[in-house]
Amino acid sequence: MIFAAIAVVCGINLVLQSHPISSALSLVGVMGALAALYLLLGGEFIAAAQLVVYAGAIMVLFVFVIMLLNAGTEHKGRRTWATYAGVPLLLLFLGLIAIGIAHHLPASENVMFGQFTKGSPLEFGRALFTIYLLPFEVTSVLILIAILGAVVLAKKEID
Amino acid sequence: MPALPPSVPLSWYLTLSLILFVLGIAGFLFRRNIITVFMSIELMLNAVNLSFITFSYKLKQVDGHIFAFFVMVVAAAEAAVGLAIILTVFKNRQTLEIDELSSLKN
Numbered sequence: 001m002i003f004a005a006i007a008v009v010c011g012i013n014l015v016l017q018s019h020p021i022s023s024a025l026s027l028v029g030v031m032g033a034l035a036a037l038y039l040l041l042g043g044e045f046i047a048a049a050q051l052v053v054y055a056g057a058i059m060v061l062f063v064f065v066i067m068l069l070n071a072g073t074e075h076k077g078r079r080t081w082a083t084y085a086g087v088p089l090l091l092l093f094l095g096l097i098a099i100g101i102a103h104h105l106p107a108s109e110n111v112m113f114g115q116f117t118k119g120s121p122l123e124f125g126r127a128l129f130t131i132y133l134l135p136f137e138v139t140s141v142l143i144l145i146a147i148l149g150a151v152v153l154a155k156k157e158i159d
Numbered sequence: 001m002p003a004l005p006p007s008v009p010l011s012w013y014l015t016l017s018l019i020l021f022v023l024g025i026a027g028f029l030f031r032r033n034i035i036t037v038f039m040s041i042e043l044m045l046n047a048v049n050l051s052f053i054t055f056s057y058k059l060k061q062v063d064g065h066i067f068a069f070f071v072m073v074v075a076a077a078e079a080a081v082g083l084a085i086i087l088t089v090f091k092n093r094q095t096l097e098i099d100e101l102s103s104l105k106n
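Top to bottom, those sequences are chains R and S. Using the numbering used here, the letters of the first sequence correspond one by one to residues 1 to 159. Using the numbering used here, the letters of the second sequence correspond one by one to residues 1 to 106.
Hints in this document: simulated from the structure, not taken from any laboratory. Just so you know, even glycine gets a beta-carbon here, dropped at the ideal spot from N, CA and C. Each hint should be verified, as a subset may be incorrect.
Unchecked claim - Pair ranges (Cβ atoms, derived): (1) G95(R) - L59(S): 26 to 32 Å; (2) L90(R) - R93(S): 20 to 26 Å; (3) Q61(S) - V152(R): 28 to 34 Å; (4) L25(R) - S102(S): 16 to 22 Å; (5) G125(R) - L29(S): 21 to 27 Å; (6) H103(R) - L87(S): 46 to 52 Å; (7) S102(S) - K155(R): 38 to 44 Å; (8) L134(R) - F55(S): 27 to 33 Å; (9) Q94(S) - G100(R): 43 to 49 Å; (10) F55(S) - V87(R): 20 to 26 Å.
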């Protein structure tokens with residue numbers, strides 16, 4: 001629950017911050033909190049992958065591009081009456097939906113740490129390389145295409 | 001401060017996933033910086049991943065983890081290509097504001 005609170009706060013911060021670097025750091029916070037939640041849900045491998053791939057590689061890419069482009073604070077748009085009227089109405093709407101969901105949702109069991117043990121790298125790899133072998137190989141082709149596309153886009157000079 | 005419960009219901013994880021997804025949509029719609037819009041997309045992908053893992057826990061199967069893994073791979077590829085596109089756009093237009101990138105409109 002603590003990690004959920006961290007994730008929500010960082011997520012709100014991401015949307016509200018006006019500078020891209022602040023948003024990127026908030027996103028790193030969200031991803032770290034989510035990795036901890038994955039660990040609580042028994043996904044050891046996916047938690048490690050979340051930290052390495054998302055919070056590590058992808059966010060480094062983002063921060064690198066932000067620094068490279070020297071992105072500054074974005075300009076504030078004009079605020080009309082719709083901005084001021086919309087926020088309370090939106091909160092009211094979401095609150096009503098939340099109440100409705102809370103009343104109609106059946107009670108679910110509590111999450112106990114250690115109850116689900118199939119998320120270990122052993123089980124994960126066994127499933128990945130037997131049942132999901134074909135999607136795994138197709139993914140490699142996808143990544144190859146992405147690499148080629150990124151190289152072509154970065155090299156091309158459009159007049 | 002009240003004592004925190006030692007364990008939380010499973011539906012709270014799905015609620016958190018919902019909240020994060022809605023935040024991602026809000027950022028996608030309301031922000032003007034193209035990089036921040038891109039980060040909102042990543043936030044939405046993360047929210048979907050959380051719901052995958054939660055259902056995987058519920059069903060006691062590892063398949064949800066595999067799907068979350070594939071989502072991660074696709075997100076990585078998408079980030080690489082998308083950031084390359086952003087770089088190209090910035091090189092040609094000298095701007096990151098999506099309101100000024102409206103040449104498709106005319």
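For each hint, the structure was consulted:
In this structure, G95(R) and L59(S) meet the distance hint of 26 to 32 Å, their C-beta atoms being roughly 31 Å apart. Take L90(R) and R93(S): their Cβ atoms lie about 33 Å apart, and the range 20 to 26 Å is violated. Taken as a hint, the range 28 to 34 Å is violated for the pair Q61(S) and V152(R), whose Cβ atoms sit roughly 40 Å apart. Hint check: L25(R) to S102(S), Cβ distance near 30 Å, so the stated range 16 to 22 Å is violated.
A hinted range of 21 to 27 Å is violated for the C-beta pair G125(R) and L29(S), which are about 39 Å apart. At about 49 Å, the beta-carbon gap between H103(R) and L87(S) stays in the expected band of 46 to 52 Å. Taken as a hint, the range 38 to 44 Å is violated for the pair S102(S) and K155(R), whose Cβ atoms sit roughly 26 Å apart. The hint said 27 to 33 Å for the Cβ distance between L134(R) and F55(S), and at roughly 22 Å that hint is violated.
Hint check: Q94(S) to G100(R), Cβ distance near 48 Å, so the stated range 43 to 49 Å holds. Between F55(S) and V87(R) the beta carbons are some 32 Å apart, a value that contradicts the proposed interval 20 to 26 Å.
The earlier numbered hints that this structure contradicts are 2, 3, 4, 5, 7, 8, 10.
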